[in-house]
Structures are given as structure tokens and as C-alpha cells.
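Colleague: Listed below, chain by chain, are the residues.
Protein chains: 2
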Amino acid sequence: MNDRTTLRRYPDRGSHDRETIDAIFREALICHVGFTDDEGRPIVIPTIHALVGDTLYLHGSVASRMLRTLREGSDVCINVAIVDGLVMARSHFNHSMNYRSVVVFGTTRLVDDPAEKQVAFEAIAEHVAPGRWDDARQPTEVEDRQTMVVAVSLDEASAKMRTGGPHDDEADHDLDVWAGVVPVKTTFGTPIADPDAIRDVELPGYLREYRRPSS
Amino acid sequence: MNDRTTLRRYPDRGSHDRETIDAIFREALICHVGFTDDEGRPIVIPTIHALVGDTLYLHGSVASRMLRTLREGSDVCINVAIVDGLVMARSHFNHSMNYRSVVVFGTTRLVDDPAEKQVAFEAIAEHVAPGRWDDARQPTEVEDRQTMVVAVSLDEASAKMRTGGPHDDEADHDLDVWAGVVPVKTTFGTPIADPDAIRDVELPGYLREYRRPSS
Numbered sequence: 000m001n002d003r004t005t006l007r008r009y010p011d012r013g014s015h016d017r018e019t020i021d022a023i024f025r026e027a028l029i030c031h032v033g034f035t036d037d038e039g040r041p042i043v044i045p046t047i048h049a050l051v052g053d054t055l056y057l058h059g060s061v062a063s064r065m066l067r068t069l070r071e072g073s074d075v076c077i078n079v080a081i082v083d084g085l086v087m088a089r090s091h092f093n094h095s096m097n098y099r100s101v102v103v104f105g106t107t108r109l110v111d112d113p114a115e116k117q118v119a120f121e122a123i124a125e126h127v128a129p130g131r132w133d134d135a136r137q138p139t140e141v142e143d144r145q146t147m148v149v150a151v152s153l154d155e156a157s158a159k160m161r162t163g164g165p166h167d168d169e170a171d172h173d174l175d176v177w178a179g180v181v182p183v184k185t186t187f188g189t190p191i192a193d194p195d196a197i198r199d200v201e202l203p204g205y206l207r208e209y210r211r212p213s214s
Numbered sequence: 000m001n002d003r004t005t006l007r008r009y010p011d012r013g014s015h016d017r018e019t020i021d022a023i024f025r026e027a028l029i030c031h032v033g034f035t036d037d038e039g040r041p042i043v044i045p046t047i048h049a050l051v052g053d054t055l056y057l058h059g060s061v062a063s064r065m066l067r068t069l070r071e072g073s074d075v076c077i078n079v080a081i082v083d084g085l086v087m088a089r090s091h092f093n094h095s096m097n098y099r100s101v102v103v104f105g106t107t108r109l110v111d112d113p114a115e116k117q118v119a120f121e122a123i124a125e126h127v128a129p130g131r132w133d134d135a136r137q138p139t140e141v142e143d144r145q146t147m148v149v150a151v152s153l154d155e156a157s158a159k160m161r162t163g164g165p166h167d168d169e170a171d172h173d174l175d176v177w178a179g180v181v182p183v184k185t186t187f188g189t190p191i192a193d194p195d196a197i198r199d200v201e202l203p204g205y206l207r208e209y210r211r212p213s214s
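Chains as they are written, first to last, in numbering that gives the first Met the number 0: chain F, 0 to 214; chain U, 0 to 214.
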């Protein structure tokens, strides 16, 4: 932990608890990665992630701008945010959102060890759908070379969240304004089989009633 | 448009069409803002946004780190990403996600004109729930001073998206692997009234069966 992950405002909303941080990373499908270009200007790109122990893995095509920029030793900031509710207060000023969020500051490490790269590939596949790794066709050597993996340590990570109802000023409680929370959820529809399929394959159990692990 | 928003990989997935860009901003509840700290290191923070014409407004407490850092003339990169589906291919390599995303590169302008600040406040309230602005208590002068608003122009914006089923290699089509898409949606639950309410206020029509405008 350093100054950047010291929780500033609303410290009651913040946490350095690893279980909390891990649960948010597990539930979120994607994260947003911030880095800088050659001229020091910020770039933010959404991407999939996977957590293995204390290491967050990101991957992509060796041709992608993000991966070409994120070489060994790049400073990154990774944010994950899950919106849980729209908090309607009586005053506009006290409107808010319920959310769970993690921010990680770190330095990228290029993963070139084949065994570690394999661990990352598996973790990313299983992050999306546990059970998928063993089911789909494994990467070939060529596909492996076309994919870049970077690792970021969770050393500097913190979670921030808000739950509960609106916090209105005492004087506003008697206003004729509805106050409360509109719950927000990510939901998953019935899987749609590839219309171009040439053989009939049964929908695997791990995709039936698909849902994220909830924290 | 400049080099940064020139669409590189998969140009068929990209668009500079303003209707497409606006629709994604309208539907997304939050965006991720990337900027750099005093030492040039990247920071990414999730926040609410609102679009008015060609201007994107962000707001927050004058005490927040983001708003304290985002002074007049800061370089920012703003990304909005909506995940629409998990694309399960027969090979791990061809797994993907369906999504709609916008990236904006720009320079912040501090909004200190009271009339424009009011426009931004209203746009942000209406972005979350159209109808809310006239219903809730307006900001006081003190609340106005405690809130900072920055504007970013949409001059350098581009959308990127993926739709449809998996694109597998010809040779993989005969594998015994289910392929298709798991649809992903953001849904909204029944609004929960503030348990601390001291008067009974009817749920307003604009929060009944709440949903985002869809693009």
C-alpha cells in the first residue's frame, strides 16, 4: 500500500480486504486498464481479466494497441466497477450510486514463460465460464505466439463500495419527493447456439443458467 | 479525428458515427475516466457522465481526487463499455465478447459559468432518470460550490462494437464443442423506498419499470 491506495474520502466505503477485492474481480466480467502513450497521454481500454493468487492477468492480440503499448514495466491503473443501484435522494446533491469497485496500481510484467502463459489462458477462460477450459480446443503454438499476456501484481489494490439507501439532509426528509434505490443487476439470457453450426452439440451444463459468482 | 481515434484493428467493428456514439453514451450508466497524476502515472476512475450536444460533462465533489486532478486543460481518455454477450467459440483463441464501446480523447475545460453548470447538473440527473430533475430538490448555492463540473468535447470520439456469433476456423467446425453466445443484459429491479422515510410518497412514473434508453 502506498499513498495512491490510501483511502481518502468516505473511508467507511473503502477496504483493503483481499477477500472483498477478489470477489469483485471474480464477479466483474471486464476491467478498464489505464496506461499512457509515448507522449504521456492517458489511454483507457476495457478488457477481460483473470485473477490467480496475487496476480492479475490481461491478454490480447500482439497487434492490439493496448498490448503493444503495455510492454514490460509500464505503469498501469486497473479499475473494476459494478453498479448495484441508483440512489435517489430527495435533493439532487445527495443522489448517488451503489457500487462495488476495485482500483489497482501496478507495473506490467510481460509473461513469456510458456507454463505461466498457459495458466493465464486457463484462468481467463475459466473467469468467463468455469468449465470452459477443458471443453474448447486448446491454443496452438501459432495462436499462442499471436497472444500477449501481461501480469500485474495486486500489491497496491483497494476496494471501494457504497450500499444502502439515500442519505438526505434532515431538513429534506419532509419534502414530497420519492427517495430510495433502483436495484441494478447484470443478467444473462438463454444461450443462443451458433446458427452456422454444422453439428448439433448439447449446451454444456456450465452455460445453463449462467451467472457470475456473486460477492 | 486524429491518429488516436483512427480505427486500427477490425475496422468493420469501428465507427465515427455520432448517432452510434451518442446512443452508447445514453445507454451506459457510467464511464471510466483516465488521466495522469502529478508524476505522469495513469489513474482510472469510474464516474457518471451526461452528453449535451457535443459536450460530455463529468461532475464530482471538489474534494474528490479526480476532480482535484482534472483541472482546466488536463488530457483525458474516457471509455464507455457495454457488454452484450459472451461469445463461445470452438477454439479458445476465437472466444470473444459482444460489446458496444466508445473512446473519447480530449482536454478538460472547467465549467464555472453558473448557467452552464446548471445545464450539466440537469443533464446528469436526467441521464440517470429522465423526469428526476424537476422532481427532486434543486442544488443550493453551497451545494453548487461543493460540486465541480468539467466538460470534454466529443471532437475525438469513436465507437467500437462486436455483434453476432463466433467466428471459428473452418477446421474447428466439426469439433464436439458447443458454440454460440450467452446474452448479457443490465436489468433493473423493483425500486426500494427509503426505509427511513417519514412520509409516504408515491413512486413516480419515471421510476416504474425503469430501463435505459437502448441503442
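Where hints are given, some of them may not hold.
Some, not all, of what chain F presents toward chain U, calculated at C-beta under 10 Å [what the hints assert, rightly or not]:
| no. | residue |
| --- | --- |
| 1 | A124 |
| 2 | P138 |
| 3 | A150 |
| 4 | L153 |
Restraint-style ranges between C-beta atoms, simulated for each label pair [said to hold, decoys possible]:
| no. | chain 1 | residue 1 | chain 2 | residue 2 | range |
| --- | --- | --- | --- | --- | --- |
| 5 | F | D111 | U | P113 | 31 to 39 Å |
| 6 | U | T68 | F | T186 | 32 to 40 Å |
| 7 | F | D111 | U | R64 | 33 to 41 Å |
| 8 | U | D112 | F | R17 | 27 to 35 Å |
| 9 | F | A192 | U | D133 | 23 to 31 Å |
| 10 | U | S60 | F | D111 | 58 to 66 Å |
Sample of chain U residues with no beta-carbon within 12 Å of chain F, all distances over it, derived [unchecked claim]:
| no. | residue |
| --- | --- |
| 11 | H15 |
| 12 | T19 |
| 13 | E38 |
| 14 | T54 |
| 15 | A135 |
| 16 | T139 |
What the hints contain is simulated information worked out from the structure, not anything from laboratory work.
Built from N, CA and C at the ideal position, the CB exists for glycine as well.
Colleague: Against each hint, give a clear statement of whether it holds in the structure.
Modeller: Evaluated hints:
1. With a cut of 10 Å, the hint placing A124 of chain F at the interface with chain U holds, because the nearest CB-to-CB distance is about 6 Å.
2. For the restraint placing P138 of chain F at the interface with chain U, the shortest Cβ-Cβ distance is roughly 6 Å, inside the 10 Å limit, so the hint holds.
3. Nearest Cβ of chain U to the Cβ of A150 of chain F: about 17 Å, over the 10 Å cut. The hint is violated.
4. The closest approach between the C-beta of L153 of chain F and any C-beta of chain U is roughly 16 Å, which is over the 10 Å cut-off, so the hint fails.
5. Checking the proposed 31 to 39 Å range against D111 of chain F and P113 of chain U shows it is violated: the Cβ atoms sit about 56 Å from each other.
6. Taking 32 to 40 Å as the suggested C-beta distance range, the pair T68 of chain U and T186 of chain F conforms, at roughly 35 Å.
7. For D111 of chain F and R64 of chain U, the hinted distance range of 33 to 41 Å is satisfied, since their beta carbons lie about 35 Å from each other.
8. Evaluation of the 27 to 35 Å hint for D112 of chain U and R17 of chain F yields a failure: the beta carbon distance comes to about 46 Å.
9. At about 47 Å, the beta-carbon gap between A192 of chain F and D133 of chain U misses the expected band of 23 to 31 Å.
10. Between S60 of chain U and D111 of chain F the CB atoms are about 44 Å apart, so this pair departs from the stated range of 58 to 66 Å.
11. Under the 12 Å C-beta cut-off, the non-interface status given to H15 of chain U relative to chain F holds; the minimum distance is some 17 Å.
12. Every C-beta of chain F lies more than 12 Å from that of T19 of chain U, the closest at about 17 Å, which supports listing it as non-interface.
13. Not every CB of chain F is more than 12 Å from the CB of E38 of chain U (nearest about 9 Å), against its label as outside the interface.
14. Separation of T54 of chain U from chain F is adequate, the least Cβ-Cβ distance of about 19 Å exceeding the 12 Å criterion.
15. With a minimum CB-CB distance of about 5 Å to chain F, A135 of chain U fails to clear the 12 Å threshold, and the non-interface call is violated.
16. Distance check for T139 of chain U against chain F: the nearest CB is about 8 Å away, which does not clear 12 Å, and the non-interface claim fails.
Checked against the numbered hints given earlier, the structure breaks hints 3, 4, 5, 8, 9, 10, 13, 15, 16 and satisfies all the rest.
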